[in-house]
Amino acid sequence: AQTVTQSQPEMSVQEAETVTLSCTYDTSENNYYLFWYKQPPSRQMILVIRQEAYKQQNATENRFSVNFQKAAKSFSLKISDSQLGDTAMYFCAFVSDGGSQGNLIFGKGTKLSVKP
Amino acid sequence: DGGITQSPKYLFRKEGQNVTLSCEQNLNHDAMYWYRQDPGQGLRLIYYSQIVNDFQKGDIAEGYSVSREKKESFPLTVTSAQKNPTAFYLCASSIAAFTEAFFGQGTRLTVV
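Here the protein sequences line up with chains A and B, keeping their order. Take the first sequence: its letters are residues 25 to 140, numbered as in the working numbering. Take the second sequence: its letters are residues -19 to 92, numbered as in the working numbering.
Hint data in this document are derived by calculation from the structure and do not stem from the laboratory. Mixed in with the good hints there might be a few duds.
From the structure, some residues in chain B lie toward chain A, with a derived Cβ separation under 10 Å [stated by the list, open to error]:
| # | residue |
| --- | --- |
| 1 | P(-12) |
| 2 | F(-8) |
| 3 | L23 |
| 4 | R48 |
| 5 | V91 |
Counterexamples of contact, computed for chain A against chain B with all Cβ distances above 10 Å [stated by the list, open to error]:
| # | residue |
| --- | --- |
| 6 | Q68 |
| 7 | S100 |
| 8 | S104 |
Idealized CB from N, CA, C, for every residue including glycine.
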């Protein structure tokens, strides 16, 4: 079975500092995609960043970047220059093109609090 | 503006009633999904549809039903067979399977 594990239920960071959220996944597939979603208190799920497994280069989106370690099946999210608006639940998600469903599999989330 | 619209935002159900949650998208996406979110559980897949007039059960389909008569619409019915329906329900769509999904704003269902 394909699974996604986020080992940090809660984290906090001071405004303007850097924080890294961890994610590991388990799959026997070779072609897949990984995502980080943000869910602020409004509960709207927002795509933060995506990574294709076939790409060796780590994805970046402004202050957000990932460290993708395919052999270790690790996909961490780094948030630089943290802002108060980054306070949210963050979900790691996975989808492979080898499965029959094609749907996202989510971790249980990490609650991030940015402190002023 | 393109997007996914879920309605209502809040819904209350009496014991034994069926209720239907609406999900409409104007993104021209083929695939649509329903997820359930409970505290500390992440998101769990209820049903998904990759094309009109076709849908498949997800991990927790018992007590739920769906239809996909139009590309734009994917309503979810929570039946009386669902023993613990109080949860936050999220609808999503994607241009195709195996790509990122875009989400609606959710419906909070409470049994009273």
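Against the structure, the hints come out as follows:
| no. | hint | result |
| --- | --- | --- |
| 1 | P(-12) | violated (14 Å) |
| 2 | F(-8) | violated (18 Å) |
| 3 | L23 | holds (4 Å) |
| 4 | R48 | violated (15 Å) |
| 5 | V91 | violated (19 Å) |
| 6 | Q68 | violated (5 Å) |
| 7 | S100 | holds (17 Å) |
| 8 | S104 | holds (22 Å) |
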